[in-house]
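Turn these sequences into a full structure, and let the hints guide you.
Our numbering puts the first residue of the sequence shown at 8, with every later residue one more than the last.
Treat the hints as calculated values from the structure; they're not laboratory data.
Just to be clear, a hint being listed does not mean it is correct.
Stated by the list, open to error - In silico lysine-lysine, DSSO-like type, Cα no more than 30 Å apart, as pairs: (1) K173 with K153; (2) K120 with K153; (3) K41 with K120; (4) K157 with K178; (5) K24 with K152; (6) K152 with K173; (7) K41 with K59; (8) K59 with K24; (9) K41 with K157.
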Amino acid sequence: MISTKNAISSDRLTNLKDQIDLVLCPICGDVLWKPVTCSSCENSFCSFCIDKWLFEQQKEIIPNLDNETHLDYSTKSLSLTRCPFNCSPYIQRNCPSLLRIILSKLNIECRNKINGCREILSYEQLEKHQEECCPYQVIQCSGCKKFIRKDVFDEENHFLMCRYVKFQCTKCESVFRREDKHDRFDCIEGQIRLLEQRLMLTERKYSTICEIQRKKLDIFYEKFAVIEQNYEIDNDDSIERTNGV
Numbered sequence: 008m009i010s011t012k013n014a015i016s017s018d019r020l021t022n023l024k025d026q027i028d029l030v031l032c033p034i035c036g037d038v039l040w041k042p043v044t045c046s047s048c049e050n051s052f053c054s055f056c057i058d059k060w061l062f063e064q065q066k067e068i069i070p071n072l073d074n075e076t077h078l079d080y081s082t083k084s085l086s087l088t089r090c091p092f093n094c095s096p097y098i099q100r101n102c103p104s105l106l107r108i109i110l111s112k113l114n115i116e117c118r119n120k121i122n123g124c125r126e127i128l129s130y131e132q133l134e135k136h137q138e139e140c141c142p143y144q145v146i147q148c149s150g151c152k153k154f155i156r157k158d159v160f161d162e163e164n165h166f167l168m169c170r171y172v173k174f175q176c177t178k179c180e181s182v183f184r185r186e187d188k189h190d191r192f193d194c195i196e197g198q199i200r201l202l203e204q205r206l207m208l209t210e211r212k213y214s215t216i217c218e219i220q221r222k223k224l225d226i227f228y229e230k231f232a233v234i235e236q237n238y239e240i241d242n243d244d245s246i247e248r249t250n251g252v
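See below:
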């Protein structure tokens with residue numbers, strides 16, 4: 008089963024349960040989300056599910072296509088892919104209008120019901136409500152990793168108090184948590200370490216540049232030696248011809 012945060016389990020539907028089989032994705036088993044359809048068998052899939060399905064097939068096919076360009080890899084692997092019902096090649100089209108009509112009539116509970124949301128929404132309203140409007144969606148603190156409800160989350164105060172929020176020192180570029188000490192000694196030590204790293208990178212960079220220039224110079228030495236040798240031969244021939252006259 009493929010699961011995403013947008014998955015709509017069938018138990019969240021509050022109506023049309025007698026037509027549930029018409030709106031389920033055969034890959035993930037949940038209500039179709041942004042569906043597309045196989046033009047051969049007319050079965051519909053969540054766009055995310057079928058993309059992942061095809062990608063997994065391509066990963067298996069591509070290593071077996073030898074001596075081809077990257078573009079040929081992509082083209083040939085797609086032509087060899089099959090839909091979950093074995094149609095090959097898989098050719099995608101928009102889902103039937105009847106399916107879109109059925110989906111538009113669904114009434115769906117918000118995924119944040121477990122946090123207290125009691126909204127029941129249409130298929131078209133669902134995404135915007137869950138992603139932007141629902142006050143019961145949870146936000147994860149980047150420091151302590153706790154999940155906190157959006158309607159009670161005071162972001163500014165929480166980050167001021169959270170011991171696990173990370174900071175980066177502007178002088179030594181060290182990353183540390185609020186609860187960790189980062190005094191003057193630590194900062195100086197960090198700056199020394201940073202300078203050492205930069206020095207190593209600079210030495211490596213210019214060492215490579217010097218090596219390239221040295222090789223170029225060696226090539227010119229070789230060319231000059233050949234030219235000089237040819238010049239001496241031509242000069243000797245000229246002297247011999249003059250003496251022969």
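Results of checking the hints against the structure:
1. In summary, the hint linking K173 to K153 is supported, as the alpha carbons are separated by about 15 Å, within the 30 Å threshold.
2. As the CA atoms of K120 and K153 are separated by approximately 19 Å, the hinted pair is consistent with the 30 Å bound.
3. With a CA separation close to 22 Å, the supplied pair K41 and K120 stays within the 30 Å bound.
4. Note on K157 and K178: the hinted pairing is violated, with a Cα-Cα distance of about 35 Å set against a maximum of 30 Å.
5. Between K24 and K152, the direct Cα distance comes to roughly 37 Å. Violation of the 30 Å bound is thereby established for this hinted pair.
6. Between K152 and K173 the CA atoms are separated by roughly 12 Å; this keeps the pair inside 30 Å, and the hint holds.
7. Under the criterion of a C-alpha separation no larger than 30 Å, the hint pairing K41 with K59 is consistent with the structure, at around 14 Å.
8. The suggested pairing of K59 with K24 holds, with an alpha-carbon distance near 28 Å, which does not exceed 30 Å.
9. Distance restraint check for K41 and K157: the Cα-Cα separation of roughly 26 Å lies within the 30 Å cut-off, and the hinted pair is therefore satisfied.
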